[in-house]
Amino acid sequence: MSDHDKLTPEERQTYEWQMWVPGVGEAGQQKLKAASVLVTRVGGLGGLAAYELAAAGVGRIVLAHAGVIKPGDLNRQLLMTHAALGTSRVECAARRLRDLNPRVDVVAIPENISPPNAERLVRLADVVVCCAPLFEERFALNDQCVRQRKPMVDCAMYELTGQVTTIVPGQTACLACRVPEPPANWSRQFPVFGAVSGAVGCIGAMEAIKLITGIGEPLCNRLVTFDLRDMRFRVVRVARKLDCPTCGSLGRS
Amino acid sequence: MRVTVEYFGPARDAAGVAREEVGCDSPCVAQDLVARIARARGGRLASLLLRDDRLSPVVLLAVNDHQVEGEPVSLNEGDVVAIIPPVSGGMD
Numbered sequence: 001m002s003d004h005d006k007l008t009p010e011e012r013q014t015y016e017w018q019m020w021v022p023g024v025g026e027a028g029q030q031k032l033k034a035a036s037v038l039v040t041r042v043g044g045l046g047g048l049a050a051y052e053l054a055a056a057g058v059g060r061i062v063l064a065h066a067g068v069i070k071p072g073d074l075n076r077q078l079l080m081t082h083a084a085l086g087t088s089r090v091e092c093a094a095r096r097l098r099d100l101n102p103r104v105d106v107v108a109i110p111e112n113i114s115p116p117n118a119e120r121l122v123r124l125a126d127v128v129v130c131c132a133p134l135f136e137e138r139f140a141l142n143d144q145c146v147r148q149r150k151p152m153v154d155c156a157m158y159e160l161t162g163q164v165t166t167i168v169p170g171q172t173a174c175l176a177c178r179v180p181e182p183p184a185n186w187s188r189q190f191p192v193f194g195a196v197s198g199a200v201g202c203i204g205a206m207e208a209i210k211l212i213t214g215i216g217e218p219l220c221n222r223l224v225t226f227d228l229r230d231m232r233f234r235v236v237r238v239a240r241k242l243d244c245p246t247c248g249s250l251g252r253s
Numbered sequence: 254m255r256v257t258v259e260y261f262g263p264a265r266d267a268a269g270v271a272r273e274e275v276g277c278d279s280p281c282v283a284q285d286l287v288a289r290i291a292r293a294r295g296g297r298l299a300s301l302l303l304r305d306d307r308l309s310p311v312v313l314l315a316v317n318d319h320q321v322e323g324e325p326v327s328l329n330e331g332d333v334v335a336i337i338p339p340v341s342g343g344m345d
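Taken in order, these protein sequences are the chains called A and B.
First residue of the first sequence? That's 1 in our numbering, and the numbers climb one at a time after it.
First residue of the second sequence? That's 254 in our numbering, and the numbers climb one at a time after it.
Don't read these hints as lab results, they were simulated from the structure.
For each residue, glycine too, the CB sits at the ideal point set by N, CA and C.
It cannot be assumed that every hint is accurate.
[What the hints assert, rightly or not] Listed next, the stretches of chain A that the computed footprint assigns to chain B, with coverage defined by at least 3 CB atoms under 8 angstroms from CB atoms of chain B: (1) 47–53; (2) 69–83; (3) 138–152; (4) 185–199; (5) 220–229.
[Claimed, not checked] Distance windows between CB atoms, simulated: (6) 300/B x 91/A: 32 to 42 angstroms; (7) 99/A x 330/B: 54 to 64 angstroms; (8) 329/B x 217/A: 27 to 37 angstroms; (9) 324/B x 170/A: 22 to 32 angstroms; (10) 13/A x 270/B: 46 to 56 angstroms; (11) 330/B x 82/A: 53 to 63 angstroms; (12) 333/B x 6/A: 43 to 53 angstroms; (13) 279/B x 27/A: 31 to 41 angstroms; (14) 124/A x 278/B: 47 to 57 angstroms; (15) 181/A x 295/B: 50 to 60 angstroms; (16) 193/A x 307/B: 50 to 60 angstroms; (17) 300/B x 82/A: 51 to 61 angstroms; (18) 116/A x 278/B: 50 to 60 angstroms.
[What the hints assert, rightly or not] Far from chain A, some chain B residues (derived; all Cβ distances over 10 angstroms): (19) 273; (20) 275; (21) 276; (22) 304; (23) 308; (24) 343.
Just chain A, same shape as in the assembly (with noise of 0.2 angstroms):
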């Protein structure tokens, strides 16, 4: 821990409610400090997950998503106002990160993840939180995360149901464990409420906390999977495989 990463008397101030989660202490919140997490897309799921980890004091926070906001966007992506209808998403989400937050270095980078710069964005971060919505997107980025050997907190959702797993490359399963190949029949568009993503981002947040912190248990070999519709709540064991062709050559630590 360098001195840059000691706490000022302010941010001691500022963080002193987390700071009383067992665990956590100033030792906690000077790993958050001195971590940074790339969130790839800034959506209804990514824009709830930066904007926790900004709360909570995350040093460096790296935002990855192209394009424009549209008024479609704006039914869940809390980050997006309407005032900036038209204008960079990743921007606006920037700022609204650096609103609440300006201890918090904000990198803001207008694409989206893609196998050409998987390797250079993923190597900007000590922990990545994947909110894209494209299965392409979310294997590049596993990819990389495996290769580098970097957590990835995978977030996923539909209507009002959501998934999170923490994959930890050579201990969990990766996401080509578990999908090993895109489904051919996910769409892009589907039914949403805001209150589901933000669920989820939220959930993502905790598990990139939990992982710098190392307080609590990440969901590590564990998938939940939870529909709002009437509360149902499960935590699935899933298995690491040994032939995966992404991380099968990792073996095992």
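Given the coordinates of chain A, work out where chain B should sit on it, guided by the hints.
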């Protein structure tokens, strides 16, 4: 015997129910039961869960909250089979 089948996400939409009790003769294999249900219902549930008339490899099945992977898993009275298709994020 009777087991409970739970549907999540798009599977719930396609099945039209969140959960149901299903009767099956023992021995009953989880993967076979789910494929049989998908074939019997047809339509969206079949296209979501089946590929070439077999269970799609991308659908997560769990029996009593443990992933069913590879080997056939025999069911017992009262088991809960969860059908969890992969989902993702959204974009327009």
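Evaluated hints:
no., hint, in the structure
1, 47–53, "violated (count 0)"
2, 69–83, "holds (count 4)"
3, 138–152, "violated (count 1)"
4, 185–199, "holds (count 7)"
5, 220–229, "holds (count 4)"
6, 300/B x 91/A: 32 to 42 angstroms, "holds (40 angstroms)"
7, 99/A x 330/B: 54 to 64 angstroms, "holds (57 angstroms)"
8, 329/B x 217/A: 27 to 37 angstroms, "holds (28 angstroms)"
9, 324/B x 170/A: 22 to 32 angstroms, "holds (24 angstroms)"
10, 13/A x 270/B: 46 to 56 angstroms, "holds (51 angstroms)"
11, 330/B x 82/A: 53 to 63 angstroms, "holds (56 angstroms)"
12, 333/B x 6/A: 43 to 53 angstroms, "holds (50 angstroms)"
13, 279/B x 27/A: 31 to 41 angstroms, "violated (55 angstroms)"
14, 124/A x 278/B: 47 to 57 angstroms, "holds (56 angstroms)"
15, 181/A x 295/B: 50 to 60 angstroms, "violated (23 angstroms)"
16, 193/A x 307/B: 50 to 60 angstroms, "violated (34 angstroms)"
17, 300/B x 82/A: 51 to 61 angstroms, "violated (38 angstroms)"
18, 116/A x 278/B: 50 to 60 angstroms, "holds (53 angstroms)"
19, 273, "holds (13 angstroms)"
20, 275, "holds (17 angstroms)"
21, 276, "holds (22 angstroms)"
22, 304, "violated (7 angstroms)"
23, 308, "holds (13 angstroms)"
24, 343, "violated (5 angstroms)"
The structure does not agree with the numbered hints 1, 3, 13, 15, 16, 17, 22, 24 stated previously, though it agrees with the rest.
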